[in-house]
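Enquirer: Below, each chain spelled out in residue letters.
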Amino acid sequence: DSGVTQTPKHLITATGQRVTLRCSPRSGDLSVYWYQQSLDQGLQFLIQYYNGEERAKGNILERFSAQQFPDLHSELNLSSLELGDSALYFCASSVDVLNSPLHFGNGTRLTVT
Amino acid sequence: DQQVKQNSPSLSVQEGRISILNCDYTNSMFDYFLWYKKYPAEGPTFLISISSIKDKNEDGRFTVFLNKSAKHLSLHIVPSQPGDSAVYFCAAIANGNEKLTFGTGTRLTIIP
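Sequence lines, in order, name chains A and B. The first sequence lines up with residues 6 to 118 when you count with this note's numbering. The second sequence lines up with residues 736 to 847 when you count with this note's numbering.
By construction, these hints were calculated from the structure, which means they are not laboratory data. Hints may be right or wrong, so weigh each one.
What the hints assert, rightly or not - Which chain B residues face chain A? A few, computed with CB under 10 Å, are given here:
#	residue
1	L769
2	Y771
3	K773
4	T836
Note that beta-carbon positions come from the ideal geometry of N, C-alpha and C, so glycine has one too.
Whole structure, please, built from the sequences with the hints as guidance.
Expert: Structure follows, in structure tokens:
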């Protein structure tokens, strides 16, 4: 158990809809990262927050947004969903910003039909 | 542009033998490298890391080797055990950049 909790585990929704994925980091971790893993692909970095502030942005679509709340949990919002957004979405957390191993949650599997 | 490449999507190794997983990178700014292991229906878990100031790091059955001139690193598992069957991701980070860049993974199967 990594200590990172992601909900829900599975999500099935239709194109055009909006969903929210939730992540609770490990106790004491200030950094939260979001990654997307599509079929047969590596983990693509989406966005990172540190202590409530956006720290780094990767290949995140404009239809996607995220935030980290004062209690350090994070939400990833995906809107105007398309079939190609179907993927595993992982949240990870770390205690420091640089060179700290990330601890991953078990992911949310999103299926857009 | 895939900056971290794992060219072998899969690898099968006999139990007890050595497993060697390879990873190549293109970004010369990468200075810290990590290996993650992933079981089905679970998130990746950190396995071992190496800084660019070293060329080898060992932790039990796992050893990571870094060849900076070739921009290549490898993970050696010896002896391989059935529980090592998983997908292994290589990842890299550049100094001053918090973004961890992952390879596409290699599925390792240990044959009993």
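Enquirer: Indicate, hint by hint, whether the structure satisfies it.
Expert: Hints, one by one, checked against the model:
Hint on L769(B) holds. Least Cβ distance to chain A is approximately 6 Å, under the 10 Å limit. Look at Y771(B): its Cβ gets to within about 8 Å of chain A, closer than 10 Å, so that hint holds up. The interface hint given for K773(B) holds, since its Cβ lies 8 Å from the closest Cβ of chain A, which is under the 10 Å cut-off. The criterion of a C-beta within 10 Å of any C-beta in chain A is met by T836(B), whose closest approach is roughly 7 Å, and the hint holds.
Of the numbered hints stated above, none is contradicted by the structure.
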